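Chemist: Sequence:
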Amino acid sequence: SNEPTDDPTCLDQEGVGSYRLEGCQLAFSQVWGLMIKRYNFSRRNSKALFSQIVLPALFICVAMTVALSVPDLGDSPPLVLSPSQYHNYTSPMGNFVPISDEQEMQETQLYVDATAQELIQTV
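Take 120 as the starting number for the sequence shown in this note's numbering and just add one per residue.
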């Protein structure tokens, strides 16, 4: 019958199954329960599934594709440096930053490497 009893052994066993899981069985049971819970949740809420599973996976694929398509630094041609790239500027007073008009210089003259004497004069 369903009448409450005063037996103390009966109160200790309330809500306890016939056996107790331990170790790997317990871990597997918990993981399986989480997977079932996740399946039921995603079945009811497809927007959450899309935003939590599909969208991040898509972004990872796009990022990896972009990262793999960028050329290596070793593939780029070497930079050509010459003193003619630097103009004969002395240190002006104040916060003056010289601006060169590259377009105008290219139209008026060809770049010529500076001589040793011209380099010494800039210092």
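Hint data in this document are derived by calculation from the structure and do not stem from the laboratory.
Treat the numbers as computed from the prediction; the structure is a model and nothing was measured.
Backbone N, C-alpha and C define an ideal beta-carbon position, used for all residues, glycine too.
Careful: at least some of the hints might be erroneous.
What the hints assert, rightly or not - Now the in silico label distances, taken between C-beta atoms and shown as ranges: (1) L174 to C143: 46 to 54 Å; (2) L177 to E237: 55 to 63 Å; (3) A182 to L153: 52 to 60 Å; (4) P175 to L145: 24 to 32 Å; (5) L200 to I239: 16 to 24 Å; (6) S188 to G136: 31 to 39 Å; (7) S195 to K166: 38 to 46 Å; (8) R162 to G142: 47 to 55 Å; (9) A167 to Q144: 27 to 35 Å; (10) S165 to S188: 29 to 37 Å; (11) G152 to M183: 53 to 61 Å.
Chemist: Confirm or reject each hint.
Modeler: Hint check results:
no.: 1; hint: L174 to C143: 46 to 54 Å; in the structure: violated, 34 Å
no.: 2; hint: L177 to E237: 55 to 63 Å; in the structure: holds, 58 Å
no.: 3; hint: A182 to L153: 52 to 60 Å; in the structure: violated, 28 Å
no.: 4; hint: P175 to L145: 24 to 32 Å; in the structure: holds, 30 Å
no.: 5; hint: L200 to I239: 16 to 24 Å; in the structure: holds, 19 Å
no.: 6; hint: S188 to G136: 31 to 39 Å; in the structure: violated, 56 Å
no.: 7; hint: S195 to K166: 38 to 46 Å; in the structure: holds, 44 Å
no.: 8; hint: R162 to G142: 47 to 55 Å; in the structure: violated, 31 Å
no.: 9; hint: A167 to Q144: 27 to 35 Å; in the structure: holds, 30 Å
no.: 10; hint: S165 to S188: 29 to 37 Å; in the structure: holds, 32 Å
no.: 11; hint: G152 to M183: 53 to 61 Å; in the structure: violated, 33 Å
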